[in-house]
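Given the sequences, and given the hints that come with them, work out the whole structure.
In case you want the letters, here they are:
There are 2 protein chains.
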Amino acid sequence: MDVKFKCNCPFTSALDVVGDKWLLVIVKQMLIEGKETFKDFTESDEAIATNILSAKLKFLEEVGIIIKTQRPDNKKTNHYLLTQKGLGLTPVLIELAIWSDKHLRDIHPSIVNGEAMEFLRNDKVAFAHALEQNYRKNMAKTLNKSSVG
Amino acid sequence: MDVKFKCNCPFTSALDVVGDKWLLVIVKQMLIEGKETFKDFTESDEAIATNILSAKLKFLEEVGIIIKTQRPDNKKTNHYLLTQKGLGLTPVLIELAIWSDKHLRDIHPSIVNGEAMEFLRNDKVAFAHALEQNYRKNMAKTLNKSSVG
DNA sequence: ATTTTTGCTGGCGAAATGCAAGTAATAATT
DNA sequence: AATTATTACTTGCATTTCGCCAGCAAAAAT
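From first to last, the protein sequence lines are chains A and B. Using my numbering, the final residue of the first sequence is 149, and nothing's skipped along the way. Using my numbering, the final residue of the second sequence is 298, and nothing's skipped along the way.
Listed below are the simulated BS3-like cross-link pairs for lysine-lysine, each with C-alpha atoms no more than 27 Å apart in a straight line: (1) K205/B with K234/B; (2) K58/A with K6/A; (3) K205/B with K21/A; (4) K124/A with K137/A; (5) K170/B with K207/B; (6) K4/A with K170/B; (7) K155/B with K124/A; (8) K85/A with K39/A; (9) K39/A with K155/B; (10) K205/B with K184/B; (11) K124/A with K273/B; (12) K153/B with K35/A; (13) K251/B with K273/B; (14) K273/B with K85/A; (15) K39/A with K56/A; (16) K85/A with K170/B; (17) K56/A with K205/B; (18) K251/B with K35/A; (19) K207/B with K217/B; (20) K170/B with K234/B; (21) K286/B with K207/B; (22) K137/A with K251/B; (23) K58/A with K170/B; (24) K234/B with K188/B; (25) K155/B with K58/A.
Just so you know, these hints were derived from the structure itself, not from any lab.
So, in structure tokens, the structure goes:
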């Protein structure tokens, strides 16, 4: 289940890891939608099958993009969190969204186009920063909540 | 063979198109390595199988990322060129390379690390610009060459 | 006229994906 | 304390995609 690198090209090597139908979707769900638990992922719009989800989470953990944690008050529910390596994928996701915005509306007109998209168009660096800050903040909040209550 | 969009999320929608093992590798080969013909691709480091290559080129053409052209002096060799939509993926590729550089060297130490990588680290916007300019220049050159000689 | 190159296509086994059902452990409810 | 519900998976099986290899026709080079 470990990565096979085709060559020493930095572009291709990244794709050897995350160039997959599901991996970046999972990272996006964590970063943008704050999903953490197995159940969170199964309830998503993208509807990933549980066996695939299980395998992909295992893989993401193996390569160090996420870590599996538990809360002291719950021995069952696993919480998957992005590592630095995982958060480092934020700019990749952002460029993908920008590309969608510019080049995909012709064949897929119903792509969302709200104020978040406008923020992203106006200042992608700030948007990336805000996303990462927000992720860290929420992570701290939920971690704290569980250890208190 | 056409795209199935899972939802209206701009992140996921981009991945519905290019979130694949091969598509971005092919785009990278065109942009960075100047590959244009079927044979060029088959001779790459990444060694894509011909049937897959054929299918992927067809798909990339369908979604408008590349176009298939011919030179007046050669009725056999097809030249695949990036469209604006295709060139628009440059920032995505660049962010992937940056991520590799930062986060993949621990599990894949032989990733190339020359002066191009340094240029990329120092100024990714300039790097992207240079890449696109270079692509257009070479495209013009080869197009010109064929119509002359 | 013959050989080589180019751009594919087709067959077939292997791997990845997707759907549905099942399970075991924990947590919540009564 | 007993029952029910939830969570995080696993298993089985059908379908799709991948990947190697061989072949092949049209065009180009010799």
